Every structure is written in structure tokens, then in C-alpha cells.
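There are 2 protein chains.
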Amino acid sequence: MQQLKRLTIGAVLSIFSVQILAAQVLITKEQKQNATQLMQTALKSDLGMEIVTSLTTEIGPRLGGSEAEKRARNWGLKLGERLGFDTTKIEEFTMPFWDRGHLHISLTSPYQQDLYGTALGGAAPTKETINANVVYFRDIHALTEVKDNSLTGKVAFIDGDMMVKSQTGAGYGQANQRRRIGWQHAQRAGASALVVRSVGSDSHRFPHSGMMSSDGDKWADIPVIAISNPDADHLRRLHNLGKPLAISLHSESKWKGEVSSGNVILDLIGSEKPEEIVLIGGHLDSWDLGTGAVDDGAGIAITTAAAALIAKLPKRPKRTIRVVMFGAEEVGLLGAFAYAKQHEANLKNHVLATESDFGAQTIWQLVSNVNPKATLLIDEIAKILSPLGIVRGGSDVAGGGPDIIPMAAKGVPTIRLNQNGRDYFDLHHTPDDTLDKINPNELAQNIAAYAASIYLIADSEVELKP
Amino acid sequence: MQQLKRLTIGAVLSIFSVQILAAQVLITKEQKQNATQLMQTALKSDLGMEIVTSLTTEIGPRLGGSEAEKRARNWGLKLGERLGFDTTKIEEFTMPFWDRGHLHISLTSPYQQDLYGTALGGAAPTKETINANVVYFRDIHALTEVKDNSLTGKVAFIDGDMMVKSQTGAGYGQANQRRRIGWQHAQRAGASALVVRSVGSDSHRFPHSGMMSSDGDKWADIPVIAISNPDADHLRRLHNLGKPLAISLHSESKWKGEVSSGNVILDLIGSEKPEEIVLIGGHLDSWDLGTGAVDDGAGIAITTAAAALIAKLPKRPKRTIRVVMFGAEEVGLLGAFAYAKQHEANLKNHVLATESDFGAQTIWQLVSNVNPKATLLIDEIAKILSPLGIVRGGSDVAGGGPDIIPMAAKGVPTIRLNQNGRDYFDLHHTPDDTLDKINPNELAQNIAAYAASIYLIADSEVELKP
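Residue numbers (full-length UniProt numbering), protein chains in the order written: chain A, 1 to 466; chain B, 1 to 466.
Isolated chain A, as found in the complex (with noise of 0.2 Å):
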């Protein structure tokens, strides 16, 4: 539908504009070689799978704001020195800090058995141990019509199904309701607690960990859990046998006041228009449960990898190419809001933004969000990245990433390198989140297109600004 749709406006355009456009080299022999010298290179590479491996081994779980996304910080940085950035450093930012803490839940009846459940983020934690009945909803829709006051001394389950694969994560913004806003609900009714199915398209019993959102600026003050999928189903065929069901529940999970974390920003100065930025990257910080492999030290390593691949090129392309490694991405787009903020001024001259982050499978689409005449250079770079099994996708799809939302919406063009997100649920926010389920091959198929597109856009001289 897209592409038809661009076909449309193509040829709307005048005979005299297109006359002009196709006149234009938009891409020279040279740089078409460059590129597919790139995409060769990085195939063969285990540069990507080094930086991965690297970061989750000898770094671990890095929450956003923890003393294990510092340490992070500081190998962001030895990175880039060591794979010949021309700048390196790390722009700090505060926040307020949510720990997780040990958490306890089990079934207390129809008999005891523990469940695979842990806090999500924002969750307060119990004053002391809490023993209540369970009340059932079927889905989300079902709590939010629930009375204030109504749930005084229990505790609310929402269930929920589990997400059905795709190939675009599609259904995952959906099922997420329970997550973010189920506590406002239970909390108004008078439930000392919350129990959630976890948003994820796996049946293993891990729990899905994830932010919840705030109310305005209140968060929640009752303990919130996620329990597992196969949890959820126990508890669901429990309550259609109508028997009662009841937990007990333990969480020490609470914020901790202010905390320092900081964007990691590498930089291949641009040889030619230097103040021109073409800017990718993926977020440093995980959540804590895994090692944070898939989500996101495979955009960590995608994009720096590309970069460092490009920075091994005779000459530096026209434009600066930043990496940065945002710090805090899943504790609520932090570092992205820094950065956005402490380069407000700068954002005119970000010619383009995109992210990598949703996981390591490979990339599959191309979209766009640019200008008309821009949008022709970025179909010329998905037929260089087509022997990757690329195909062109929309051309006026925003967004270039979670974390490029906040200067996307100050104006920045994007791309998106769209990434197979068949299994990305599975793993997402869980402790199954490890470095074993990252395949070498997808991974560099990433690091491929990453180089040879972004290259192709930082040697550019198109204006990319709609």
C-alpha cells in the first residue's frame, strides 16, 4: 500500500521537477561501491557479536541509573576510542531511580505454589507480606470498569492473552494496556495489589518486566506484579474451575531518589560538512533480570559496529556520523529526552536520526520519513541493501525508534531499518534475555545495512528535512 501510495504522489509531481530529479546522480559509482564494499565486509565480520558479547559478559544487567550503566558508560567510551571515533564522550543526565528489590509471590489457595512474577517499574512496594483474595478480570477492559473502592483488601489479577507473534511486534501496544495503566484502576478501587499477565508472545515461565506509566507525575503506591504466561494460565483455569483463589505477596521494589546516568556520544567527524549530523544508535541501559542482549546490546553493537566499519573507509564520509548509546531508555526514554533537550539548539543541523532496537533477528524494510526528492535517494539505498533481502518500505512512517521520538517530533527526519520481531516478545524484558539467543548471522546482516544505508546518507549531500 505504501509504495503505491508513493507512486501516487511521484507522479503528481511536475514533469519539469521530475525531469530535475532525474537528472540528479544520486548516488555516484563510487559511493555504490563503497557501499557494497561495506555490506561484504561486514558479513564476514564478528565485530558486532565482539561488542555484544563484550558489553553483556563484562558489563551484565545495567538498569538505568545503577552503578552497572556507569560501568557501561565508561566501556561505551573505551569502545569508541578503541575502534577510532574521532570524539567520544558521555553527556550526564539525573533521574529518579526505581529498584527492583527481591520479590516474593506465591498461590496460597486452592494450595500453595509459587508464581514466576516480578515488580514492574513504578511499582511500590507491600508495607508488610500481603495475604488476600484474588478478584478476576478477564482483560483490562474488564478492570477499568470497575468501582471506586470496590476492591478493598484484595488483590486484582488481570489476565489477558498472550501476544500473538508478528513479524512488526503489531498487538504489542494493545496487550501493553494492563501493563501501564491497570494500576490506576486497581489503585482507585482500593486493591492492595496488582497482578498482571506479562505482555509476551512466549509460553515459558518468565516474567515480562516494563515500565508502567505514570498518572501526571504519581506513580503508583500499591505493588504491582507481572507473572508469567503459563502462570496466568494456571490462574485462569484455577478461577473457571470456580475455585478461590488467593496470594501471598512480598515486594521490596521502590524508587530511590535521584541518580546520575548520561548518553554515550561517538563521533566520525564528517570530512566535508562536519556540522551535518546523521545520528544512529540503541540504548545502553537494560533491565535487570537479563543481560539486556537482545534489548538492546544488539543496537549497541549494530550501529557502533556499522559506524566502526565505516570509520575503516580511506576517507570519512561528507557528514558526521554520531552513535549514541542512550542511557535509561527503558525507565522512560530518558536519555533521549536529554539528549533532545541538550541539543535543542543543534537538532536543526541532525539530518537524520534512526535506532536499533528491537532485537538482533534480521532487518527486512526499509521505511522512511523525509522529504520527496529525499525519499528517491532512500529507495536508491533499499535497491543497493536488496541482496540483504531488503525491501522498501512506507515512506511516511515516523519514527526512528523509541528513542529518536523526542527529536523526531522537534523535526528530524528518520529511517527505520525494520528488524524481523517475530521472536523479539518472547525474550522482551525477561531474565531469558541473554546472549545465547543472539544468532552471528542475523547480526551481521544488520550490521550490513546499517553500514551501507548510513554511510550512503552521511556521503550525501540531499537535504533529508521535509
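Simulated from the structure, these hints should not be mistaken for laboratory data. Keep in mind that the hints are not guaranteed to be accurate.
In this list, chains with the same sequence are indistinguishable; a pair is considered to hold if it fits within one copy or across any two.
Claimed, not checked - Straight-line distance between alpha carbons at most 25 Å, and here's what the computed DSS-like set of lysine-lysine pairs gives:
hint	residue 1	residue 2
1	K383	K29
2	K256	K70
3	K437	K243
4	K437	K165
5	K70	K89
6	K348	K373
7	K70	K315
8	K383	K243
9	K29	K254
10	K383	K315
11	K218	K465
12	K70	K243
13	K243	K78
In this text, all values refer to a predicted model and were calculated from it rather than measured experimentally.
Given chain A's structure and the hints, the job is docking chain B onto it.
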């Protein structure tokens, strides 16, 4: 190979006896029709899924000797009554009870990171939280060479390799040595605790529990913890980088004295030779981390459903069909030994025994360990099972399943309907052994195979003893 061997044995039988065998009808036309009908009914029936759903949902985890296992016995008794067995009873025995208790294990050097572990069966508790350096052993062989008292104040970690997936489960016995006897060497060397790589073929963040071997009548004086494969990979990578490893460990697992367990016995009384018993079964207990769906709720469901389908035939088979739901298998085949002892005088009347305890995937092979004439009967049964995709395997394969070992050792003939075990050790003894892992069609294929083969043996007059 086994087929060839059997044919050779057949060839050297005297012409006279071959003629006699050929002249005998091992399976009548009516029996064959009944068997075929049983298979067709089983493939269309939901009974197996109903049983394993009920067991895992209404009882949940059921550690040998626990209150939950007692509830499971009562559940089994009621199930037998409801399904039309002629007699149902519980035969109790006493056993020592080991309780897992709470565990916390985390890496403390080179940095803080929780590890996903569980105590191994028979392990001692920590007296106080252990904070100690880790000595890395590449495998069990490396640890067996360690000198006495050379690990004082240290924690030993036995690495090893992930189990290769295998249809037959080959490799489990060897991999399992680190779980079984590792503690003896760690304790001899004075280690404060032992940590081992889980014995499993999955790369998920689940530890695999399981019983250790006692040393004569002595159990470990130290805590012994299995960690998940990804956690073990992590420690290996850090070790290979030359990083000093240290852990913090607190474990409450311990022996808690004598308790009661029991076997549930459900009989379909034979119409002509009620004293002759064809015994099938599974084990009712499970490890406590999962809900024991695949191990061995499936075996309970398969064998009970198969017998229940036979019970619906117009006439009972000639021999008695006995379903035994063994207690306390996981913790040392305690129900199996109790059964063999309690029925010692009558084992001569057990014409055949077999157990389903290798998951819920499809049966692919029928093996046996019976006399040559009975081998021909089993050959004929295999032909009848062939529409289920089952092939005939060896005719001198000892052992009909773990709980059959004690009675097979006393001369009871066995067959085994070998299941595809390729994914079995992904789930084995983990929190992830839950109902969602069972494929209803595969379970039904198992029930079809059991129903047909057990019916044919129970309705036969062929003696099976060697």
C-alpha cells in the same frame, strides 16, 4: 541390528518349533479389530488432556512426600473410580523428606548479578550466607582429580556442556555425573559449596533440579546448586577472560525426617486370568519447580486414559490390567522399590510391566524384553501400531521405565513404547514443565499406542517370561 539378530535367532530354531509358532494365531481377528478400534477412539478422545490438565491445575506441583503428593493420591483414587476401574487403592510407604526451601545465589565478582539456580535434591543448607571465591572446573573429570582439602573456603563450579538434543535421550547419563557425584569430590576437597551447570538441552534461564546420588547412606554436607545453561555460559566467558569469580549463596534446602508417601493402584480385573497382571503406569510425584506436566503428568494421563478406554470395551481382557501411579519417583524411585517389596511374592504373576515417563511427544518405537515366542507377539503388535508411525525396535532391551527397574530386576518381562525425547531435556525438572508444553495430538497418539498394545497383551495367553 536388533532386527537382524532376532531373525538369526529365529532361523536357528528347529523347523518343528517354527511350524508350531506359525500354526498358532497370536492375535485373533477380533482382538485386532478391538485394538484398531481402541486406537481410533484414543486419537479422537480428549481424556488424556483432561487428566493431565486436572492433575497439574487442581493439584499443582507434588514433591515426593509432600502434602501435595498426598492430595494427588486422593485425586488418583477418585479418578480411578470415576473412570470405571474395578478396584482402587493406595499403598503407603514411608520415606525421608527433602525440602528445597528458599535459595538466593548471585555473582558478586566481577560485579553483582543474580544467577538463576536451584538446590539439587539431597543438598544441605548454608549455615550462614556464603560469600566465597569460585574455583572453575571445566567438567566433572577435572573436579574428580582435585586434591583433598584443596578447596577450603572456596566454592567449586563444575561447568560442562549443554546436552545435545537426542531422540533417545542419549547423553543424559554421562552429563548427569556432575549432578550425581560432583558433591562427593567438592566435599572431599573441603569446598563450602558446589555449583554445577544444569543438565539440560535448553538455552533458557531455568535451572534443572534433580536428585544427587548418596555416598552409601551419606548425603551431601554442603549446599549444591544447579544454575541455568545461560548462567553457566556467562561464568565460563568471565572465567575465560581471566576475571575473578565470587558468589553469594544462601540456601535453606534440607532433609526434614520421615514422612508418608504411597502408590495408587487402579485395577481392571481380568475376565479369565485375574491373577495375571499387566502393569502400566507413570509417577504421580513431580519436582516442585514446575507443575510436572511433561514429567510425569503425561505418563499418568497416558496410561490411565489407555486403561480407561479398554475399560469401556464390552468385555474385560483376560488378564488384569493394573495402572500404578508411583509415588516419590524423582527422589529415588521410592514408590517403585516399595511396590516391588510389597508385591514381592506376587511378582511371578506380573506378566509384563511398562511405564510412560519420558514426556509427551509421540511414540516412535516399540522395544521389548520377553521370551522368543512372546517376541513374535510383540512383533505382531508392532504391526498393528504401525499406522501410528511406530516401528519395531530391539527385542532384548532391558527396562520398561524408571519405576519398572526394581521389578524387572526380579524377572518381570518388559516392553517400552519409546517416545521421541528430543525436547524432553529442555523442560526436564525445570519451572517450565507446565501444561502448555503438551501437544494434545501427540498425547493422544501415546494413548492410542498404549491402549492397543496393553489390550492385546492382556487379552493374550502367551507367556512373556524368558
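Quick rundown of the hints versus the structure:
1. K383 x K29: Classified as within; 14 Å inside a copy, 68 Å across copies.
2. K256 x K70: within (17 Å within a copy, 46 Å between copies)
3. K437 x K243: Result: close only across copies, 23 Å inter versus 38 Å intra.
4. K437 x K165: both (17 Å within a copy, 17 Å between copies)
5. K70 x K89: within (13 Å within a copy, 63 Å between copies)
6. K348 x K373: So K348 and K373 pass the 25 Å test inside one copy only (18 Å; across, 89 Å).
7. K70 x K315: neither (33 Å within a copy, 75 Å between copies)
8. K383 x K243: neither (59 Å within a copy, 46 Å between copies)
9. K29 x K254: For K29 and K254, neither the intra-copy (57 Å) nor the inter-copy (72 Å) Cα distance is at most 25 Å.
10. K383 x K315: Answer is within: at 24 Å inside a copy they meet the 25 Å cutoff, but 73 Å across does not.
11. K218 x K465: Neither, since 37 Å and 76 Å both go past 25 Å.
12. K70 x K243: Cα proximity of K70 and K243: across copies only (19 Å, versus 48 Å in one copy).
13. K243 x K78: Answer is between: at 18 Å across copies they meet the 25 Å cutoff, but 57 Å inside does not.
The structure fails hints 7, 8, 9, 11 (numbered hints given earlier, in ascending order).
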